[in-house]
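Protein chains in written order, with our numbering: chain F, 8 to 206; chain D, 8 to 206.
Rather than coming from a laboratory, the hints here were simulated on the basis of the structure. Every value quoted in this text rests on a predicted model; they were computed, and no experiment measured them. Hints may be right or wrong, so weigh each one.
The list treats identical chains as interchangeable, and a pair is accepted whether it falls inside one copy or across any two copies.
Said to hold, decoys possible - Listed below are the simulated SDA-like cross-link pairs for lysine to any residue, each with C-alpha atoms no more than 20 Å apart in a straight line: (1) Lys66 x Tyr38; (2) Lys66 x Glu46; (3) Lys31 x Pro183; (4) Lys87 x Glu146; (5) Lys145 x Glu156; (6) Lys50 x Lys97; (7) Lys50 x Met100; (8) Lys31 x Glu103; (9) Lys31 x Arg104; (10) Lys61 x Glu193; (11) Lys50 x Gly29; (12) Lys50 x Tyr38; (13) Lys87 x Ala159; (14) Lys133 x Arg106; (15) Lys97 x Phe108; (16) Lys97 x Gln43; (17) Lys31 x Ala101; (18) Lys97 x Ala81; (19) Lys50 x Asn39; (20) Lys61 x Asn16; (21) Lys97 x Asn11; (22) Lys97 x Ala33.
Below are the chains, spelled out letter by letter.
2 protein chains.
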Amino acid sequence: MANNIVPLNELISQFERLPGIGRKTAQRLAYNILEQPPERAEKFAEALVNARRKIHFCKVCQAFTDTEVCGICADETRDKTVICVVAEPKDVMAFERTREFNGLYHVLHGVISPLDSVGPDQLRIKELMARLGSGEVKELIMATNPTVEGEATASYISRLVKPMGIKVSRLAYGIPVGSDLEYADEFTLARALEGRNEI
Amino acid sequence: MANNIVPLNELISQFERLPGIGRKTAQRLAYNILEQPPERAEKFAEALVNARRKIHFCKVCQAFTDTEVCGICADETRDKTVICVVAEPKDVMAFERTREFNGLYHVLHGVISPLDSVGPDQLRIKELMARLGSGEVKELIMATNPTVEGEATASYISRLVKPMGIKVSRLAYGIPVGSDLEYADEFTLARALEGRNEI
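With the hints as extra help, turn the sequences into a complete structure.
Put into structure tokens, the structure is as follows:
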């Protein structure tokens, strides 16, 4: 016999629907909510509804924002000649953490994946092409994941954009900083050799 | 520069306050909420508030319930002569999953831990003693964790209860089922030897 407390089971199953959260973790999290003051649950609930209601896609770069145009697109100090093209909104944050990139972004919201019936029309490629129309953009950095689908998407966009005289680049492949060669797979090592730099 | 979307940061920090959820996982979970239909966030929020509002402690055994007396205490088919004493509400569910125990439970809501300034008065020991008054209970099974605090709590309660002529037992120590002897620590192995059974 499992527990038969309906509101508890409902909360557990809500936690369980989150990515990477299994049954046991979901139970642990639900019990944690019950053990804390009611204000905690209310604040959490408010944050969930608020985030989902107030956040939408930036009408320029398609990243998440709570304003009409996101902070990055609206920032006058950023280099408007380079656009880094990523698959998901969270990838923007990953690049921002590096503090090395001062250009703009464009979020595709997915990658071309015929197996999941995602074609170019399901991605925000039209919106990207519209941004290139002004002639201000000189370079697109294709920063999709180094997977088959990520590569296919990068080369699809590259074929569309190159005739417009815009430079298209791809993130470098190589061994991750701080990793151990012993654990690098052969494809990564081969690409690291191929892309070696003089020191 | 990290993101400066206030509602998103608020949601991330709410996830981050859950036990075992770090910054990166919290971000992943928050983005997952944004990627799904608004109804998902609303259902989740409702489940949080509902669970916290409707669930309270059973007035008999102190486990979580949404009724005055929990389903286990109210169940006429259960053996009212045995009480399994556990530290946390979630331990009740762990025993229920075994389907091997048909008695009642009592939840202490903690263990005696002088370092965290938790003494016997902070636990639901008074409520346990009140249940023993009727003379119906014949055995207490002390099922606190096999830690120093768990042991101390078990022996504290045992000293209180034994003079009342109630049998007090403790969970068996030994090697976990399906485990490998190679990984058992010496204390567990010593206890497993000590508690060996004829076959």
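Hint by hint, here is what the structure shows:
1. Taking the closest pair of Cα atoms, Lys66 and Tyr38 come within 20 Å of each other only across two copies (18 Å); inside a single copy the shortest separation is 40 Å, beyond that limit.
2. For the homomeric pair Lys66 and Glu46, neither the shortest alpha-carbon distance inside one copy (35 Å) nor that between copies (23 Å) is at most 20 Å.
3. Taking the closest pair of Cα atoms, Lys31 and Pro183 come within 20 Å of each other only across two copies (19 Å); inside a single copy the shortest separation is 33 Å, beyond that limit.
4. For a Cα distance limit of 20 Å, the shortest separation of Lys87 from Glu146 inside one copy, 10 Å, qualifies, whereas the shortest one across copies, 76 Å, does not.
5. In the homo-oligomer, the alpha carbons of Lys145 and Glu156 never lie at most 20 Å apart, since the shortest distance is 25 Å inside one protomer and 66 Å across protomers.
6. When the C-alpha separation of Lys50 and Lys97 is checked against a cutoff of 20 Å, the pair qualifies neither within a copy, at 24 Å, nor between copies, at 23 Å.
7. Within a single copy, Lys50 and Met100 get their C-alpha atoms no closer than 25 Å, and across copies no closer than 27 Å, so neither meets the 20 Å cut-off.
8. In the homo-oligomer, the alpha carbons of Lys31 and Glu103 lie at most 20 Å apart only across protomers (14 Å), although the nearest pairing inside one protomer, at 34 Å, exceeds that limit.
9. Proximity of Lys31 to Arg104 under the C-alpha cut-off of 20 Å is restricted to the inter-copy arrangement: shortest distance 12 Å between copies versus 32 Å within a copy.
10. Within a single copy, Lys61 and Glu193 get their C-alpha atoms no closer than 45 Å, and across copies no closer than 56 Å, so neither meets the 20 Å cut-off.
11. In this assembly of identical chains, Lys50 and Gly29 lie within 20 Å of each other by CA distance solely across copies; the values are 19 Å between and 24 Å within a copy.
12. For the homomeric pair Lys50 and Tyr38, the shortest alpha-carbon distances inside one copy (17 Å) and between copies (18 Å) are both at most 20 Å.
13. For the identical chains of this complex, Lys87 and Ala159 are neighbours neither inside a copy (26 Å) nor across copies (66 Å), given an alpha-carbon limit of 20 Å.
14. In this assembly of identical chains, the alpha carbons of Lys133 and Arg106 never lie at most 20 Å apart, being 28 Å within a copy and 58 Å across copies at closest.
15. For the homomeric pair Lys97 and Phe108, the shortest alpha-carbon distance inside one copy (15 Å) is at most 20 Å, but the shortest distance between copies (47 Å) is not.
16. Taking the closest pair of Cα atoms, Lys97 and Gln43 come within 20 Å of each other only across two copies (14 Å); inside a single copy the shortest separation is 30 Å, beyond that limit.
17. Within a single copy, Lys31 and Ala101 get their C-alpha atoms only as close as 29 Å, which misses the 20 Å cut-off; across copies the closest is 10 Å, which meets it.
18. Taking the shortest alpha-carbon separations for Lys97 and Ala81, only the intra-copy value of 19 Å comes in at or below 20 Å, while the best inter-copy value is 49 Å.
19. In this assembly of identical chains, Lys50 and Asn39 lie within 20 Å of each other by CA distance both inside one copy and across copies; the values are 14 Å within and 19 Å between.
20. Taking the closest pair of Cα atoms, Lys61 and Asn16 come within 20 Å of each other only across two copies (12 Å); inside a single copy the shortest separation is 29 Å, beyond that limit.
21. Taking the shortest alpha-carbon separations for Lys97 and Asn11, only the inter-copy value of 13 Å comes in at or below 20 Å, while the best intra-copy value is 38 Å.
22. In this homomeric assembly, Lys97 and Ala33 come within 20 Å of each other (Cα to Cα) only across copies, at 12 Å, whereas the closest approach inside a single copy is 23 Å.
In this structure, the hints that do not hold are numbers 2, 5, 6, 7, 10, 13, 14, in rising order.
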